[in-house]
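Given the sequences, and given the hints that come with them, work out the whole structure.
Number of protein chains: 2
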Amino acid sequence: MTLFKQVTIIGFGLIGSSVARALRENGVCENIVACDASPDCLAKVEKLKLADKCVSDAAKAVNGSELVILATPVGTYGDIGKAIAASLEFGAIVTDVGSVKGCVLKALKAVLPEHVHLIPGHPVAGTEQSGPEAGFASLFAGRWAILTPPQDADPTAVEKLKRMWEAFGSKVEIMTPEHHDLVLAITSHIPHLIAYNIVGTAHDLEGVTDSEVIKFSAGGFRDFTRIAASDPTMWRDVFLNNKEAVLEMLGRFSEDLTALQRAIRWGDGDTLFDLFSHTRQVRKQIIEAGQDEEAPDFGRPHDSPSKN
Amino acid sequence: MTLFKQVTIIGFGLIGSSVARALRENGVCENIVACDASPDCLAKVEKLKLADKCVSDAAKAVNGSELVILATPVGTYGDIGKAIAASLEFGAIVTDVGSVKGCVLKALKAVLPEHVHLIPGHPVAGTEQSGPEAGFASLFAGRWAILTPPQDADPTAVEKLKRMWEAFGSKVEIMTPEHHDLVLAITSHIPHLIAYNIVGTAHDLEGVTDSEVIKFSAGGFRDFTRIAASDPTMWRDVFLNNKEAVLEMLGRFSEDLTALQRAIRWGDGDTLFDLFSHTRQVRKQIIEAGQDEEAPDFGRPHDSPSKN
Numbered sequence: 194m195t196l197f198k199q200v201t202i203i204g205f206g207l208i209g210s211s212v213a214r215a216l217r218e219n220g221v222c223e224n225i226v227a228c229d230a231s232p233d234c235l236a237k238v239e240k241l242k243l244a245d246k247c248v249s250d251a252a253k254a255v256n257g258s259e260l261v262i263l264a265t266p267v268g269t270y271g272d273i274g275k276a277i278a279a280s281l282e283f284g285a286i287v288t289d290v291g292s293v294k295g296c297v298l299k300a301l302k303a304v305l306p307e308h309v310h311l312i313p314g315h316p317v318a319g320t321e322q323s324g325p326e327a328g329f330a331s332l333f334a335g336r337w338a339i340l341t342p343p344q345d346a347d348p349t350a351v352e353k354l355k356r357m358w359e360a361f362g363s364k365v366e367i368m369t370p371e372h373h374d375l376v377l378a379i380t381s382h383i384p385h386l387i388a389y390n391i392v393g394t395a396h397d398l399e400g401v402t403d404s405e406v407i408k409f410s411a412g413g414f415r416d417f418t419r420i421a422a423s424d425p426t427m428w429r430d431v432f433l434n435n436k437e438a439v440l441e442m443l444g445r446f447s448e449d450l451t452a453l454q455r456a457i458r459w460g461d462g463d464t465l466f467d468l469f470s471h472t473r474q475v476r477k478q479i480i481e482a483g484q485d486e487e488a489p490d491f492g493r494p495h496d497s498p499s500k501n
Numbered sequence: 194m195t196l197f198k199q200v201t202i203i204g205f206g207l208i209g210s211s212v213a214r215a216l217r218e219n220g221v222c223e224n225i226v227a228c229d230a231s232p233d234c235l236a237k238v239e240k241l242k243l244a245d246k247c248v249s250d251a252a253k254a255v256n257g258s259e260l261v262i263l264a265t266p267v268g269t270y271g272d273i274g275k276a277i278a279a280s281l282e283f284g285a286i287v288t289d290v291g292s293v294k295g296c297v298l299k300a301l302k303a304v305l306p307e308h309v310h311l312i313p314g315h316p317v318a319g320t321e322q323s324g325p326e327a328g329f330a331s332l333f334a335g336r337w338a339i340l341t342p343p344q345d346a347d348p349t350a351v352e353k354l355k356r357m358w359e360a361f362g363s364k365v366e367i368m369t370p371e372h373h374d375l376v377l378a379i380t381s382h383i384p385h386l387i388a389y390n391i392v393g394t395a396h397d398l399e400g401v402t403d404s405e406v407i408k409f410s411a412g413g414f415r416d417f418t419r420i421a422a423s424d425p426t427m428w429r430d431v432f433l434n435n436k437e438a439v440l441e442m443l444g445r446f447s448e449d450l451t452a453l454q455r456a457i458r459w460g461d462g463d464t465l466f467d468l469f470s471h472t473r474q475v476r477k478q479i480i481e482a483g484q485d486e487e488a489p490d491f492g493r494p495h496d497s498p499s500k501n
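Chains as they are written, first to last, in our numbering: chain A, 194 to 501; chain B, 194 to 501.
Rather than coming from a laboratory, the hints here were simulated on the basis of the structure.
Any given hint could turn out to be false.
Since the list gives no way to pick out one identical chain from another, each pair is judged satisfied if it fits inside one copy or across any two copies.
What the hints assert, rightly or not - For lysine-lysine, the following DSS-like pairs were computed, each having C-alpha atoms within a straight-line distance of at most 30 angstroms: (1) Lys477 / Lys198; (2) Lys246 / Lys477; (3) Lys436 / Lys253; (4) Lys436 / Lys237; (5) Lys242 / Lys302; (6) Lys237 / Lys253; (7) Lys242 / Lys477; (8) Lys299 / Lys353; (9) Lys198 / Lys240; (10) Lys436 / Lys198; (11) Lys198 / Lys299; (12) Lys477 / Lys299; (13) Lys237 / Lys477; (14) Lys364 / Lys253.
Since the structure is predicted, the reported quantities are computational estimates derived from the model, not experimental observations.
Next up, the structure:
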């Protein structure tokens, strides 16, 4: 199921390196060109044999590629777009894997030539780890990949990209960049922001030591530290580039939290119970949709589980 | 390592039934008496053979027991204490597994006779599941159990209870109820509250459908739905009974979140980056302390992981 002769991936972190592995494992292309601004990263890619060629200069890396995938923090797209613009092949597809989409079109459309197909994308998948060693081919299996093609996008190019994600085991959804940014603000950006925030709050307490926070983290806190361990540069860029939707969702979150705070202050147990009963249902639906583990505690291992 | 002849557990949900299994598996007592207000639950306990005797009347259930463990929502303690007070053996230990400790002493000390040893406790362990089927013996292994004995507590009784938790594989820490309630407010209660809250916020959006929230939950949201699937009655009682510490911590959380909101609004990337870099360190410490999985994504299985 070879869709492309040569694919260039710019940025070889968790996602870029997982895409490379998935391309190979599923025979989606013949050749992979790796590009990364960090010589250290490129050396690892070479050692792990994740690509057929490693090139540090982005303009040279896109030479001869039918598909170019940006997998760097979204704040870098403008500069990378300028650097590669003159070297892109006629009719090449340029896509990305960034967590924000509105800004991508804005940053790239302005600098890329008319003769390439710009089709932004976002696989809703990941782990808290970073770097080329952290990637794996099955990262996208069972997850959704969102494409946000411009209205005048070439249907054949969109279809080809769709088939690439499907070859990785993903389901594909097409939507506008604006809607993507709103949906992801609540399903991804705000969860990360409040996770980062509570870890910060816990660190700054005078009455509770850091060591106590760590010892007793199994009470719920530790769950939040996982996504708060995600890549700082990537996430800074997400918040700077999806400001409007994040502020809108954050306003709603805070409003709802204030209502809960008031219910606690006034001892309104019914309000608490009603919310707490409903949320269990949402978990059930996520498991039914195959988007999380049915096993308790995310399937975390517990020593010598009892069989009785 | 038999510490008790007979132990009564009142409340046979996830924690009560896990305690019963752990008592047996580690030979900590000779007989277990199960008590639960729900006939349906007691029938399950009988079917699963989790106890030597099932008794629906709490006063009768404590007859002849050296240790009585309350494992019901903390809001029920006052009534249960009144019901069992006259039937408790001379010198019996009364403990609990509740997530709030200040209110326990208040509710139980007022109604229990002088001749019993009241030593509140809290194993910082659990899953999002409920009921007697959900428990397992190793739930407490590697986790911390906190005891909050009154100042005049009998050292021998405290030591015996400590040895019970150690037999389950727990590490034991002793602290005041006030300090417990402050520490757990940040490591457990606030995490649950904001998890419940964001699931509620996501449900109430007009611009984003419930089905979209579920489909794209792997972006981070799904992590929150796990703890937001915890038992509603138990958690209602936690918030109603740890009002002061929860409101204090919630105030700090909201203050910090407002600062982050301001950084996003004004494009202050450095503030975001600094916080996001620090939080990674906290995750590392939690893993080093053996309080969470080192494997990425909590060790969630991914289909056919690549080996390259």
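Numbers of unmet hints, in rising order: 1, 2, 3, 4, 5, 10, 12 and 14
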